[in-house]
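Here the numbering used here runs 912 ahead of the position in the sequence shown, where the first position is 1.
If you're looking for bench data, these hints aren't it; they were derived computationally from the structure.
Please note: incorrect hints may appear among the correct ones.
Unchecked claim - The calculated lysine to aspartate or glutamate pairs, modelled on EDC-like cross-linking and capped at a C-alpha distance of 20 Å, are: (1) Lys-1047 x Glu-1239; (2) Lys-988 x Asp-1291; (3) Lys-1103 x Asp-1128; (4) Lys-1303 x Glu-1239; (5) Lys-1103 x Glu-951; (6) Lys-956 x Asp-1004.
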Amino acid sequence: MKMYALVGLAAAAALGGSLVQGPARLTGQESAVQMIPVEGEGAKYWPRWRGPSGQGVVNGKGYPDTWSSAQNVLWKTPVPGAGNSSPIVWGDRIYLTTSHDGGKRLSLLAFRRSDGALLWEKFAPEGRSEFVHQKNGYASATPATDGSRIYVSFGSRGLMAFDMDGNLVWHRDLGAMSNYWGTAGSPLLYKDRVIIYQDQRTGSFVGAFDSRTGKDVWRTPRQGTVGWGTPIAIRIAGRDEIIVHSQYMVQAYNPDTGAELWRCNGNTMEVIPTPVVGYGLLFCSSGRAGPTLAIRPGGQGDVTKSHVAWSSPRGSPFVPSPILYGEHLYMVNDMASIVTAFEAVSGRTVWQDRLGAARREGFSASPVAVDGKLFFTNDEGETFVLRAGAKFDLLHVNNIGERTLASPALVDGRWYIRTERHLFGIGGK
913 MKMYALVGLA AAAALGGSLV QGPARLTGQE SAVQMIPVEG EGAKYWPRWR GPSGQGVVNG
973 KGYPDTWSSA QNVLWKTPVP GAGNSSPIVW GDRIYLTTSH DGGKRLSLLA FRRSDGALLW
1033 EKFAPEGRSE FVHQKNGYAS ATPATDGSRI YVSFGSRGLM AFDMDGNLVW HRDLGAMSNY
1093 WGTAGSPLLY KDRVIIYQDQ RTGSFVGAFD SRTGKDVWRT PRQGTVGWGT PIAIRIAGRD
1153 EIIVHSQYMV QAYNPDTGAE LWRCNGNTME VIPTPVVGYG LLFCSSGRAG PTLAIRPGGQ
1213 GDVTKSHVAW SSPRGSPFVP SPILYGEHLY MVNDMASIVT AFEAVSGRTV WQDRLGAARR
1273 EGFSASPVAV DGKLFFTNDE GETFVLRAGA KFDLLHVNNI GERTLASPAL VDGRWYIRTE
1333 RHLFGIGGK
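Please model the complete structure; the sequences and the hints are all you need to start from.
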């Protein structure tokens, strides 16, 4: 084992280094590990949490890297209600969720991409509401769409599907959800199934539901008591795995049966970030300022001692997900506003620096990467634009002028950013 020393800010030295627990060299099988992307028409849009790649990485050019509350703003539309869910995009429409009257009324909104006009608002069936943290709210889960239906998870209100015009197709009441701070995990589409997991005080589960009818395909009980993450689907050597990154451990499930394939211990109690995949590894971060694990997927049973390629003991994000771009894994420790770049294959800390003033829980939005740049947005609406690479290079800071907890959507050279009060369309004029 080898301990790598941290570099960068002296003030960040206490965040710890990376511990290499196994060989980083990739076999042919490991190099084939990939996040299962959205294919077909959906690949042109932003149909789910973190986009078609599932990792916040955007191909193409022409996206402006500078904006303010006025600069490069094509339109700005008030968003009714309150929510932190991120926009999704299909065709000429933008969809997001919101809540009214302290969570008593929950709805799906549709906006026109060209001018931001609100086209319709459709309400979820009435029902129970759970206790939520004031920063979380009742509309934090990002919807997902396959172009035929929009799938929405509203926690205790249930899982539901709307058609593209907002008509309710089906609704599943999955019972009362109680996990201290409210639900937040977004639905994952896998083939003809909608997959969610919900860890709570009692009745925790991961489940697959028929996207046409909402009926159970399978539902597997879980032992976790809290969890706010989103499952992902990966492929390794022809085998698909559903990854649930959650309390104390990472687990993989068979997407056809729900059977557990493997598990890896090492997470903290509270887990929110969504894992990313590359270089034959699954990168999982857990807060608050906890560890990051680089796991070789494809194992069987308990792989804690056999499949961890490297780990970093401290400094992981609590809420924002990491981002893998080029050769580096980047993440912001939202307990201290410190961003770190790791060499993805080895876990070596490449650089570390601070993004603005140190704030406890100051970042909620997950970063995105496009055209060689990284974009980290804090809760105050400041977006720090960094050049990706082997040194810290802050290009500039954009300020949209409103609190921003949702992550952006990027399509056709435009940014769609949800703030506390508005939906912005950002693009070159």
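Each hint tested on the structure:
With a C-alpha separation of about 33 Å, the suggested pairing of Lys-1047 with Glu-1239 is violated against the 20 Å cut-off. Among the hinted pairs, Lys-988 with Asp-1291 is consistent with the structure: their alpha-carbon atoms are about 19 Å apart, no more than 20 Å. Under the criterion of a C-alpha separation no larger than 20 Å, the hint pairing Lys-1103 with Asp-1128 is consistent with the structure, at around 14 Å. With a C-alpha separation of about 12 Å, the suggested pairing of Lys-1303 with Glu-1239 holds against the 20 Å cut-off.
Note on Lys-1103 and Glu-951: the hinted pairing holds, with a Cα-Cα distance of about 11 Å set against a maximum of 20 Å. Distance check on the hinted pair: Lys-956 and Asp-1004 sit about 12 Å apart at the alpha-carbon level, within 20 Å; holds.
Figure legend: structure checked against the earlier numbered hints; the only hint not met is number 1.
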